[in-house]
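Trainee: Line by line, the protein sequences are chains G and Z.
Sequential numbering of the first sequence, starting at 8, is according to this note's numbering.
Sequential numbering of the second sequence, starting at 8, is according to this note's numbering.
Hint data in this document are derived by calculation from the structure and do not stem from the laboratory.
Check the hints yourself; a few may be wrong.
Any copy will do: because identical chains look the same in the list, a pair fits if it lies in one copy or spans two.
[What the hints assert, rightly or not] DSBU-like, lysine-lysine: derived pairs with alpha carbons at most 35 Å apart:
hint, residue 1, residue 2
1, Lys370, Lys299
2, Lys299, Lys394
3, Lys382, Lys281
4, Lys164, Lys26
5, Lys26, Lys231
6, Lys24, Lys231
7, Lys382, Lys60
8, Lys12, Lys164
Quantities reported herein were computed from a predicted structural model and do not represent experimental measurements.
Protein chains: 2
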Amino acid sequence: MDISKRGLDIQESPIRKLKPFADSARERGIHVYFINIGQPDIATPQPVWDALKQFDEEVLSYGPAQGFLELRQAIADYFDSYDIEINADGVVITVGGSEAIHFAFSVVSDPGGEIIIPEPFYTNYNGFAACANVNIVPLTLSVEDGFRLPSIETIAKIISPRTRAILLNSPSNPTGTVYTAEELERIVSLALEHDLFLIADEVYKEFVYDGASHKSVLEYPEIKDRAIVVDSISKRFSCCGARIGAVVTRNEEISQSVLKFAQARLCPPTIEQKMALAAYRMGIEYFVPVQKEYQHRRDVLFEGLKDIPGIVIRKPQGAFYYIVRLPIEDSEHFVRWMLTDFHLDNETVMVAPAQGFYSTPGKGKDEVRIAYVLKEEDLKRAIIVFKAGLQEYLQQF
Amino acid sequence: MDISKRGLDIQESPIRKLKPFADSARERGIHVYFINIGQPDIATPQPVWDALKQFDEEVLSYGPAQGFLELRQAIADYFDSYDIEINADGVVITVGGSEAIHFAFSVVSDPGGEIIIPEPFYTNYNGFAACANVNIVPLTLSVEDGFRLPSIETIAKIISPRTRAILLNSPSNPTGTVYTAEELERIVSLALEHDLFLIADEVYKEFVYDGASHKSVLEYPEIKDRAIVVDSISKRFSCCGARIGAVVTRNEEISQSVLKFAQARLCPPTIEQKMALAAYRMGIEYFVPVQKEYQHRRDVLFEGLKDIPGIVIRKPQGAFYYIVRLPIEDSEHFVRWMLTDFHLDNETVMVAPAQGFYSTPGKGKDEVRIAYVLKEEDLKRAIIVFKAGLQEYLQQF
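Starting from the given sequences, assemble the full structure and let the hints guide the process.
Mentor: Given below as structure tokens:
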């Protein structure tokens with residue numbers, strides 16, 4: 008009895024699969040700086056914890072499949088504070104941004120359909136594509152030009168009769184790139200010309216720096232029936248473990264269909280919806296210091312890394328990641344070696360090999376993703392340890 | 008731009024779609040006895056609430072994709088208290104039993120594969136089948152013989168080359184039937200003979216009455232590589248809103264594959280896993296009074312309904328549901344009418360039309376599902392109101 012082909016083929020998380028080596032380093036007494044995953048160290052805001060403590064019911068019961076109305080309204084209000092008008096019925100609460108992506112894939116495409124995604128991309132899109140049996144067609148970008156989008160003509164070349172949607176993730180995990188209005192407009196016109204949906208993963212919306220601002224695909228009235236935003240509180244409010252996200256769209260047929268998928272799994276977690284409500288009610292002022300902190304960390308990392316001989320690094324405008332090219336051949340080998348064979352005064356660093364963020368075979372083998380999710384002091388120390396490790400690695404291999 | 012075929016085809020929850028009529032009845036000041044859904048009124052146990060209040064971290068961070076080890080071990084220990092030996096690595100924590108079903112479908116079958124399920128069945132299996140693009144092949148049972156399984160020969164007739172698994176849900180939602188060891192053995196031998204997986208939804212394991220006990224598919228060593236148990240804390244600990252379930256199996260290939268699907272969605276909710284841990288640590292003694300309470304309710308409902316002229320009702324052995332046949336033609340019409348046109352002293356009752364629990368067209372139109380999730384006093388009153396409503400309905404139609 009064999010398991011399914013999709014069960015065999017689904018990619019193991021390239022980020023998580025090296026975790027055992029980190030665990031074993033820690034067991035040997037080595038301190039590991041984890042800048043491999045997007046787990047921020049920013050404290051979850053107090054109103055969120057207050058909502059947890061105030062939860063007071065006798066029975067922990069099911070909520071509505073689409074999520075509590077108050078939360079859906081609070082999310083609509085949040086969009087309104089960016090001058091984006093959305094009805095609470097256009098918001099379906101999901102179990103993390105993860106489920107929102109899965110629902111979006113399922114509702115735009117049947118099995119065998121194609122979704123174009125600029126690569127490198129958030130590696131878990133692969134998992135949802137496997138779940139939904141859709142094929143990701145990568146649009147390859149490169150570190151040299153800061154992972155900017157190519158011309159309309161170049162993108163159009165990979166559109167096929169099976170293409171159902173383009174997915175944009177801006178600010179981007181893993182590149183940090185924030186697409187300009189002009190870049191977005193290219194995609195909008197392609198969606199119109201080729202009759203495609205546009206899925207936008209905007210979970211890092213507030214993580215934009217140097218005074219830049221994020222433009223949502225919901226700001227383009229000409230694609231109001233084509234635009235589907237995937238959202239999440241995980242990064243926005245440092246609530247990764249809450250598993251609260253949303254599908255946001257003005258296309259009623261899509262929100263109705265997403266609701267039917269949502270009904271099958273009954274409801275998102277009840278308590279965390281109350282916590283999320285408290286988070287959204289803080290208003291967008293909350294992000295001002297958070298944004299400042301991340302911008303500073305980004306600069307610290309850039310200054311620390313830019314002079315490494317052979318590095319290719321561009322300073323990104325958003326999220327909290329860098330993809331950098333290193334003068335190495337196999338970043339997975341390097342990352343593992345840092346955990347198994349190297350330490351500097353009993354400290355080492357874990358970054359993420361970039362290969363898992365590409366779907367084109369062989370791409371990203373000499374690149375790593377670094378997440379600036381540590382406070383300045385730790386980040387500076389991590390940079391020192393990282394550079395020492397890289398230097399020793401280059402001498403050995 | 009059309010949405011996907013699966014997005015159009017996915018069934019709207021037949022239980023939830025009548026909710027607006029109930030809301031509107033309540034707005035008119037009518038008290039509705041909800042015995043349509045499996046939302047128990049049993050208090051969530053105090054240790055679970057204590058775990059919530061004791062949660063004290065600065066950052067609500069991601070947990071491991073497979074769930075916290077302590078919880079996986081606690082679930083393994085729980086099985087051990089039923090003399091079922093399971094390794095913690097054979098337990099993957101999921102977002103409710105819902106996600107466990109979805110993962111199980113995905114891992115046993117590719118799109119187009121078939122899964123045999125005795126009908127009437129838990130209606131949300133349809134949603135997960137749509138998500139996973141597998142086809143449910145119903146094995147039709149009937150109320151007259153208490154929804155017992157037919158002979159091996161009868162079941163074998165619906166097995167095809169595309170059949171990948173049989174799904175058993177015992178104690179059953181919606182029928183309350185608990186399969187005997189002999190019935191289980193029929194399925195075990197079919198799984199062996201036809202090379203099939205066996206998915207067992209055992210979330211109502213403790214809800215068995217009259218001194219009966221539940222036998223798990225994990226108790227059959229000959230199918231240890233074929234058996235996948237879907238589990239959940241929702242009913243067991245009255246924690247429906249927590250969204251914590253599990254896939255439990257001895258087949259390492261399956262648990263490894265499920266883990267890869269789990270990695271894509273990062274992790275189950277962090278706080279609820281701590282709550283679930285507290286629940287499992289109570290031990291199975293917890294269920295003794297709960298079981299007694301439900302057995303009593305079942306008897307109250309049976310006594311209250313059995314003399315309705317034209318009713319077909321068999322007393323089930325488990326879960327907290329009845330499927331009964333009524334002398335009506337269209338139970339959906341009846342259920343809606345009870346909410347829109349009827350009240351007795353400003354009270355009415357909502358039950359679930361049974362049609363949504365069948366996948367064979369036309370089946371179950373004269374049946375309803377009744378959930379005995381209310382305390383005796385309320386249940387008795389609900390029966391009086393229900394009978395008065397049915398009588399008036401039969402006079403009118």
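Trainee: Please go over all the hints and tell whether each is borne out by the structure.
Mentor: Hint-by-hint comparison with the structure:
1. Lys370 - Lys299: For Lys370 and Lys299, only the intra-copy Cα distance (33 Å) is at most 35 Å; the inter-copy one is 62 Å.
2. Lys299 - Lys394: Cα proximity of Lys299 and Lys394: one copy only (26 Å, versus 65 Å across).
3. Lys382 - Lys281: both (29 Å within a copy, 28 Å between copies)
4. Lys164 - Lys26: neither (38 Å within a copy, 48 Å between copies)
5. Lys26 - Lys231: Only across copies: Lys26 and Lys231 sit 29 Å apart there, 41 Å inside one copy, limit 35 Å.
6. Lys24 - Lys231: So Lys24 and Lys231 pass the 35 Å test across copies only (27 Å; inside, 39 Å).
7. Lys382 - Lys60: both (27 Å within a copy, 28 Å between copies)
8. Lys12 - Lys164: Both, since 30 Å and 26 Å are each at most 35 Å.
Hint 4 alone, counting from the list given before, is not met by this structure.
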